[in-house]
Amino acid sequence: MTDYGHDLLFGSFITPSAAGAQQALRLSELADAEGLDLVTFQDHPYQPSFLDTWTLMTWIAARTSRVRIVPNVINLPLRPPAVLARAAASLDQLSGGRFELGLGSGAFWDAIESMGGRRLTAGQAVTALSEGIDVIRALWDTETRGGARVRGDYYSVEGAKRGPAPAHPVGIWIGAYKPKMLALTGAKGDGWLPSLDYLPEGVDTLPALNARIDAGAQEAGRPASAVRRLLNIMRAEFSATGTGFLAGPPSMWAEQLAEVTLNHGISGFILGGDDATKTQRFAAEVAPAAREIVAAARA
Amino acid sequence: MAELGIVVDLAATSSGAELSELAQAAERAGLDLVVVAGARDEAGGDEPADELVGVDPWTVATWVAAATTRIAIGVPSSTVQGPDPSDPRIPIAAVVDKARESLALLAGDRLVHDGWVVAPAGADADQVRSLAERGSLVVVVPVGSAAEVERVAALLPERPRSTRRAAVRARRRPGIAYEEIPPSLVESAIEPGDPGYRAVRSTYIRGGSPGLVLRPRSAAEVADALAFARRHRHLPLGIRSAGHGFSGRSTNDGGLVIDVGALSTIEVLDEDARLVRVGPGATWKQVAAALEPHGWALGSGDYGGVGVGGLATAGGIGLLGRAHGLTIDHLRAVSIVLADGTQIRASSHEHPDLFWAVRGAGANFGVVTEFEFEVDEVAEVGWAQLTFVTTDLEAALLTYGEAQRQAPRDTTVFLVTGAPQQGQSVIQLYGMVDSSDPDTIIARLNPFVAIGQLAQQQVVLTSYRAVMGTAADVGLDGHHGSGEPVGRSGFLPAMTPAFAREAAAALRGGRLRWFQLRAMGGAIADVPPEETAFSYRSPELQVTALGAFHAEIDEAWEPMEAHMDGLYLSFDTSPDPDRVERAFPPAVLTRLRELKRRYDPDGLFRDNFPLLEGARA
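As they're listed, the protein sequences go chains A and B. Letter by letter, the first sequence follows residues -3 to 295 in our numbering. Letter by letter, the second sequence follows residues 350 to 966 in our numbering.
Derived by calculation from the structure, the hints in this document are not laboratory data. Do not take every clue at face value.
Unchecked claim - Here are some of the chain B residues that sit facing chain A, going by a computed Cβ distance under 8 Å:
no.: 1; residue: VAL404
no.: 2; residue: TRP412
no.: 3; residue: SER451
no.: 4; residue: LEU452
no.: 5; residue: TYR652
As the list claims (entries may be wrong) - Away from chain B, derived, C-beta distances all over 12 Å, residues of chain A:
no.: 6; residue: ALA58
no.: 7; residue: ARG59
no.: 8; residue: LYS157
no.: 9; residue: GLU197
A virtual CB, placed ideally from N, CA and C, is assigned to each residue, including glycine.
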């Protein structure tokens, strides 16, 4: 039993497709109205059928009033960290503190290189992500006097002007699966944002990966609870009778998700599929019931 | 009289709700521009490190765009590309471009980066007028509340509404006399701030930002467009038929484009003589569709989306090439507008020199407004698409070369491959057999099957129209190519072991991203070389390679080029000004240059292999 005690967040994973830009907006407005906590967007700038994720997120932030906006996850190799830090702080300010920064080290290196990004090995990309986080946090820190200084192998700033500061402490949520990335998430992340489909044994993989994050946190002198754990769920269907994990009525989803929270410490569930009906039921029927079960168990 | 707008100071307005409210108030009040100021980019780096950086201009501009529907949004020009690509403060250019495209798609193209002047806060009507009289496009006044927005909107009640708003005019490029566009072209012209610009700025393969696209609908209007172009010799000039040009740059950055896409009629002049008249803006897909009901076809290239104008003035090495010759071999006459605006007809007996030059070097001599072709009777054809895998690329190239050499002239097969992956090459053959007999088609293709292990095959009895018809229709949204293609071309007299070795080595080296062999010979070689400016009649193959960088491809290409003669100018984008010497044999080049001095002495047409030295833009 591992429960890090965070309040529960429910969100939607929305495809930033250029052809379906209006649909992305409609799904976000629905999430906003139905009380979902997060709308999240993948970031693949080299994918020609997608809109620029940053532009779409800003657009949606301006057209919603309550829901939080999160890239899931931003492609650091194509979003240089100082540019990203300032854009993120700006969006957080404009939206009244409704932005969290999902961050990834990059994949698809051919595509990244073809767009003018730098090709890195997996190991180099972890180091680059770590340095990138240092740059971002240094620029957000407007309390410290003097320019920001980070000396890294991949990203350095030498006396860069700081600011702007975000409107609220923006969480850095890291998409991580491999040991070094998990250790980095524990050491420097505010959240962990993996996708269920990429976990080899599904939720049964969670204890091992959580343990690596916990160890990384401990080594950095941070409590394990400093890192919120979230989960993207791409495959889930409502049905009248239950046939398995997230294949059944809303009440069963709620029980299953509450169990994942109480046993594995996952406190954020983000549902994919670009389906308005499913999103609406997730917000209206699953989220409150799951919250109730978790609250009762924690009390 | 100038237009009016507001400036919102972001240092004083950090809440998005407040920002939206001011922008919406300005839009309601009929103002033209909202400038977001105080957003500062750090890349300049002059200020002391203690000073804080303001909010990100792009994010703010997007926010304002989302809150409004019509008003133009002014943001300071975004970061210039720095010398160090690993600088974490410099955005990646391609991502910035994508963001712009995305915002244009979401919000309409409403961003401007300059063209306004800021009046002092609280400025009155006289102050605004005096700024406007100095020639500024838009005067913007700083505001902090919706009430102030309304006060500003009332300052110039007599503001006129020009055909192009200041926000559009603000995006005009320097050096273009926009106010002097000939009256016949004003209405159809498209400039950077116009809503239709996104659809015309780029081509199939190349990204561009021309300063003005002129769209003539007749030969007389082409002459008007050329008169305008003659007054803008300092700018690049592109001539666009359907926007597939590769070496012919039918877009540019800040220059002029004359788009003859509207000249696209296809009509039969003489049924018995199979004589048809075609406009340069028609695509080969349209031509094939118009000819098929008569039982005719006209060989073009290998893709139906390509326009008539560019191809039919360069050559046209296509899928019916061996059976029926080059596209230009079917040309009987052209109507052409010369650099000085003269409209003339050229054929074997009218201006025969010019008619010779147009067939192979036409881009240097004028804008053809009508092509008269004698087309062929072509019934159903065999159309084959075969995919092979092999670990012996060299042997495959040799086998292909031999099979194509031995093939009767009814058979034209092209080969495409790329860099081998883990030692394995994927080779695609696609070709046409001008025969309606299935057994003949299969017999013709059989020798090609030995080039490797057959992974996929499709052989059908179909029409030339159907093969051209697979090209996608472009539609109103236009082309959206990006970047600059890097290609090299050459004519190969015959496939030899030495060439196959060099080509295989170059492909294995990974510097050629795409490699194509087009079969020639047959009817192409029947025409005496002196007949047309296209002079390389005897080669068996035309070779094209694409790469990523000029220096890189040159290194890979050079050893192959030693085995080749000349080049096909449609497929070569080398920036080397001397490369024209390779495009034509010396005697042909000399004759072309003499004609160039006669027909276009000032080098107005210099976009695709300019014949006169130093003329390449």
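For each hint, the structure was consulted:
1. VAL404: holds, 4 Å
2. TRP412: Holds - the Cβ of B/TRP412 comes within 8 Å of chain A, reaching about 5 Å at its closest.
3. SER451: holds, 4 Å
4. LEU452: holds, 5 Å
5. TYR652: violated, 20 Å
6. ALA58: Check fails; 4 Å does not lie beyond 12 Å.
7. ARG59: Given that some Cβ of chain B is not farther than 12 Å from that of A/ARG59, nearest at about 6 Å, it is violated.
8. LYS157: Violated: least Cβ distance 5 Å, not greater than 12 Å.
9. GLU197: It holds; A/GLU197 is separated from chain B by about 31 Å at its closest Cβ, greater than 12 Å.
Figure legend: structure checked against the earlier numbered hints; hints not met, in rising order: 5, 6, 7 and 8.
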